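Asks: Throw the hints in and build the complete structure from the sequences for me.
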Amino acid sequence: MVRKRVGRKQFESNGSNSQDDLETIDNFGKYTRDRLRIMLRERGLSIAGRKADMITRLEQHTMEGKTAIKRIKESNNLNDSNKTKANDDKSINNKVKNVIDDGDNIDSDNLTLWTHPITTLNYFIRELLIDTISLAKRTFEYKKTVWSLIFFIGLFLVLRNLTGPHQQIIKLWENSLIWWFYWIGLGVLSSVGLGTGLHTFVLYLGPHIAAVTMAAYECGGLNFPEPPYPDSISCPDTIDPLWIAGIFNIMRKVRIESMLWGAGTALGELPPYFMARAARNSTNKNHDYDQEDLKELEALEAMESGENVPILMRLKLAMKHFVQKAGFFGILACASIPNPLFDLAGLTCGHYRIPFWTFFGATLIGKAIVKMHIQQLAVIIAFNEELLDKVISFLSVIPIIGNKFQGPLKKYLVEQKHKLHNPSSVEGTTMISWLFDKFVMMMVCYFVITIIHALARNHHRRRAKTSSD
1 MVRKRVGRKQ FESNGSNSQD DLETIDNFGK YTRDRLRIML RERGLSIAGR KADMITRLEQ
61 HTMEGKTAIK RIKESNNLND SNKTKANDDK SINNKVKNVI DDGDNIDSDN LTLWTHPITT
121 LNYFIRELLI DTISLAKRTF EYKKTVWSLI FFIGLFLVLR NLTGPHQQII KLWENSLIWW
181 FYWIGLGVLS SVGLGTGLHT FVLYLGPHIA AVTMAAYECG GLNFPEPPYP DSISCPDTID
241 PLWIAGIFNI MRKVRIESML WGAGTALGEL PPYFMARAAR NSTNKNHDYD QEDLKELEAL
301 EAMESGENVP ILMRLKLAMK HFVQKAGFFG ILACASIPNP LFDLAGLTCG HYRIPFWTFF
361 GATLIGKAIV KMHIQQLAVI IAFNEELLDK VISFLSVIPI IGNKFQGPLK KYLVEQKHKL
421 HNPSSVEGTT MISWLFDKFV MMMVCYFVIT IIHALARNHH RRRAKTSSD
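Here full-length UniProt numbering is used: the first residue of the sequence shown is 1, the next is one more, and so on.
I should point out that these hints are in silico values taken from the structure, not numbers from a laboratory.
In this text, all values refer to a predicted model and were calculated from it rather than measured experimentally.
The C-beta atom is built at its ideal place from N, Cα and C for all residues, glycine as well.
One or more of the hints may lead you astray.
Unchecked claim - Okay, the calculated beta carbon distance ranges per label pair:
1. E226 / D107: 15 to 25 Å
2. H373 / I125: 36 to 46 Å
3. D437 / W147: 41 to 51 Å
4. G246 / F405: 28 to 38 Å
5. I398 / P241: 16 to 26 Å
6. W173 / K465: 26 to 36 Å
7. V391 / L317: 33 to 43 Å
8. I337 / I244: 28 to 38 Å
As the list claims (entries may be wrong) - No farther apart than 30 Å at their CA atoms in a straight line, the calculated lysine-lysine pairs in the DSS-like style are these:
9. K410 / K465
10. K390 / K411
11. K171 / K144
Replies: Okay, structure coming up:
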């Protein structure tokens with residue numbers, strides 16, 4: 001009996017040390033069946049079966065316990081790392097928030113990507129979202145027009161994906177629409193904003209007219225094969241008598257894209273007009289109109305009775321009075337003559353409540369018809385073959401850079417002429433075309449940066465107006 005009591009105490013002392021059992025999984029075989037049963041009961045396991053079955057049960061349970069402990073440790077480590085990361089993220093967010101909040105103390109003229117990049121991008125994105133939502137709301141005020149447009153676009157897409165004899169007509173219309181909207185869009189980009197437009201005539205339309213002009217004089221005619229025209233130009237096999245090279249035929253060849261570009265520039269003058277008219281008609285001083293764009297017009301009005309006014313301001317004042325008093329024909333005259341002073345025409349007409357069709361009709365006729373024919377004629381005459389040869393010869397007179405550009409320019413023109421007769425004869429890019437591509441890229445980047453700065457400054461003024469109210 002004494003031996004049994006001692007054994008029981010020994011069993012109890014061994015049974016209480018469960019941590020040792022976890023660490024000595026290979027030692028279960030040394031215990032008796034009674035000891036194994038006690039250990040199984042402590043773990044809530046079945047005590048039935050042979051000794052080998054009981055040992056297997058204990059080993060499986062011990063392995064599961066070790067796995068659970070390991071998972072708990074890994075979970076604790078992961079939680080600690082997540083807490084550390086969350087604290088770091090919170091610290092970064094606080095720093096960014098402080099940088100953005102400090103933007104309210106920045107002068108809007110100093111808000112640029114190179115001085116305050118985070119604040120500028122943040123304000124740009126916010127203002128872009130606000131303007132997009134506002135445009136969507138105003139667009140859906142014209143529900144019939146919007147739904148009609150959606151219907152026709154959907155119908156066009158359905159017909160485009162259906163096979164049949166209509167595919168040739170659909171493809172022709174698709175190419176024409178893409179070509180038309182391409183030039184209208186470039187025209188809008190050219191005149192959008194006050195002095196920040198992308199000069200798409202110099203970058204796109206002017207080179208296109210010049211290329212057609214040089215090809216016409218080289219080929220002797222303008223009936224270029226379609227396709228690849230207008231994507232690329234190659235000389236026709238036979239000359240159509242109706243398309244013999246000449247100034248008027250060249251103007252007729254590029255008339256559609258030129259007039260569409262001019263119509264786009266007229267559309268680009270509408271936002272300043274509507275903004276100025278809405279600001280003038282609004283009786284609510286807290287209305288969400290950006291009065292900053294009207295500062296130049298207000299400054300001109302303040303100078304009317306002043307002395308020692310600069311010449312440029314005098315010209316702008318004269319144009320403002322001319323547009324205001326002459327009405328339709330005054331706007332038509334200003335829109336027909338290429339001049340940088342027409343930027344204020346939209347603001348002036350909107351500010352003085354000139355009727356929409358008076359302003360837009362005169363602007364459209366002036367820019368899309370009169371002005372475009374003047375610009376076409378200037379480019380065609382400038383790129384006449386004889387005049388172009390004289391200009392290239394004159395380059396040698398210019399010191400230092402003249403001779404460096406004369407050779408590559410001659411080579412470029414010769415290669416372009418060869419390419420007109422054999423499109424596959426010229427491979428790679430010349431230095432002139434490479435430089436022009438880089439110039440276009442720089443101009444586009446500059447335009448994008450000016451748009452970012454303008455929207456960021458608009459949002460800065462919006463925040464300042466809200467805080468002052």
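Asks: Look at each hint and say if it fits the structure.
Replies: Outcome of the hint check:
At about 55 Å, the beta-carbon gap between E226 and D107 misses the expected band of 15 to 25 Å. Judged by the Cβ atoms, the range 36 to 46 Å given for H373 and I125 holds: they are separated by roughly 42 Å. Here the CB-CB span from D437 to W147 is close to 42 Å, well matched to the stated 41 to 51 Å. Restraint check, G246 to F405: a C-beta distance of roughly 30 Å satisfies the suggested window 28 to 38 Å.
For the pair I398 and P241, the supplied restraint of 16 to 26 Å is violated, since their beta-carbon distance comes to about 42 Å. Between W173 and K465, the C-beta spacing of about 47 Å breaks the proposed range 26 to 36 Å. In this structure, V391 and L317 meet the distance hint of 33 to 43 Å, their C-beta atoms being roughly 38 Å apart. One distance hint, 28 to 38 Å for the beta-carbon pair I337 and I244, holds here, with the actual separation near 32 Å.
Distance check on the hinted pair: K410 and K465 sit about 58 Å apart at the alpha-carbon level, beyond 30 Å; violated. For the suggested pair K390 and K411, the alpha carbons sit about 15 Å apart, so the restraint of at most 30 Å is met. Between K171 and K144, the direct Cα distance comes to roughly 28 Å. Compliance with the 30 Å bound is thereby established for this hinted pair.
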